[in-house]
Amino acid sequence: MQRQASFQATETGRLYLVPTPIGNLDDMTFRAIKVLKEVDLICAEDTRHTRQLLNHFEITTKAISFHEHNTEQRLPELVARLKQGENLAQCSDAGMPSISDPGKELVAACVKEGIPVVPLPGANAALTALIASGLSPQPFYFYGFLERKHQQQVTELTALRNRGETMIFYEAPHRLAKTLTTMAEVFGEERQAVLARELTKRYEEFERGSLAELVAWAKEGVRGEFVVMVAGNDHPQEDEQRPSGTPLEQIQAAVDGGQSPNAAIKQVAKRLGLNRQDLYKQYHQL
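My numbering puts the first residue of the sequence shown at 102, with every later residue one more than the last.
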């Protein structure tokens with residue numbers, strides 16, 4: 102068991118997780134500005150983007166890059182600085198660190214070393230969209246970005262098909278129509294969903310309707326980053342005898358029951374409408 106008393110005296114520094122605005126700079130908190138001014142170093146997803154924010158609020162603290170491509174290189178340096186007593190702030194380009202953004206590796210390293218990690222509240226696209234969606238706000242299931250390939254999305258969404266919670270995803274504009282089409286394929290065209298784009302900005306919009314309606318709308322061409330919210334399944338189509346779990350779990354269950362792997366793969370692929378060769382490669386880890 103490990104106990105963290107965030108603001109008691111410590112020999113190490115502290116890592117502050119600082120949310121940044123998702124569009125409207127007025128959403129920056131007084132506390133976030135104060136922390137960014139007082140820390141010894143800012144770890145930014147993109148220093149060019151963050152520098153614009155820092156300049157706006159007249160913050161002169163040094164910032165260095167910390168993102169998915171240099172995590173392994175930066176981690177030892179940052180942990181060493183924290184151990185020496187320096188205070189660091191981590192921020193992503195928009196929203197909260199670690200939520201579909203870099204951050205979790207540094208947090209995990211600090212927890213392992215007993216270095217206090219202090220989270221600041223602030224802007225978050227998922228919750229901002231959810232409370233105005235009109236869908237049930239709780240319980241909800243945050244998923245973030247799906248895989249990009251169609252068959253991988255089908256596998257992911259199939260495992261989510263019967264969840265009762267409102268589901269929240271992120272998606273880029275150039276992939277939105279294809280992702281919504283796959284959702285309609287797996288969840289059904291009549292499943293209700295809501296799209297939120299350009300949150301907190303001048304052209305903020307919400308599009309509400311069935312997945313079929315939203316697919317037709319998205320195919321006309323869209324701009325902006327999207328939060329995609331899909332209503333939970335109130336009436337699961339699967340009966341109690343139908344296998345549950347992910348496709349790979351269903352295959353393994355059939356194999357454990359005495360079926361050959363090839364027969365199980367063929368059966369699950371047919372039942373779920375998946376590509377048999379893709380399932381074969383996934384199952385055999387090829």
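Hints may contain errors.
[As the list claims (entries may be wrong)] Within a straight-line C-alpha distance of at most 27 angstroms, the following computed DSS-like cross-link-like pairs (lysine-lysine) qualify: (1) K250 with K302; (2) K213 with K279; (3) K138 with K302; (4) K367 with K279.
Calculated directly from the structure, the hints in this document are not laboratory data.
Predicted model, so just to flag it, every value in this text is computed and none were measured.
Hints, verified against the model:
no.: 1; hint: K250 with K302; verdict: violated (30 angstroms)
no.: 2; hint: K213 with K279; verdict: violated (40 angstroms)
no.: 3; hint: K138 with K302; verdict: holds (26 angstroms)
no.: 4; hint: K367 with K279; verdict: holds (26 angstroms)
In this structure, the hints that do not hold are numbers 1, 2, in rising order.
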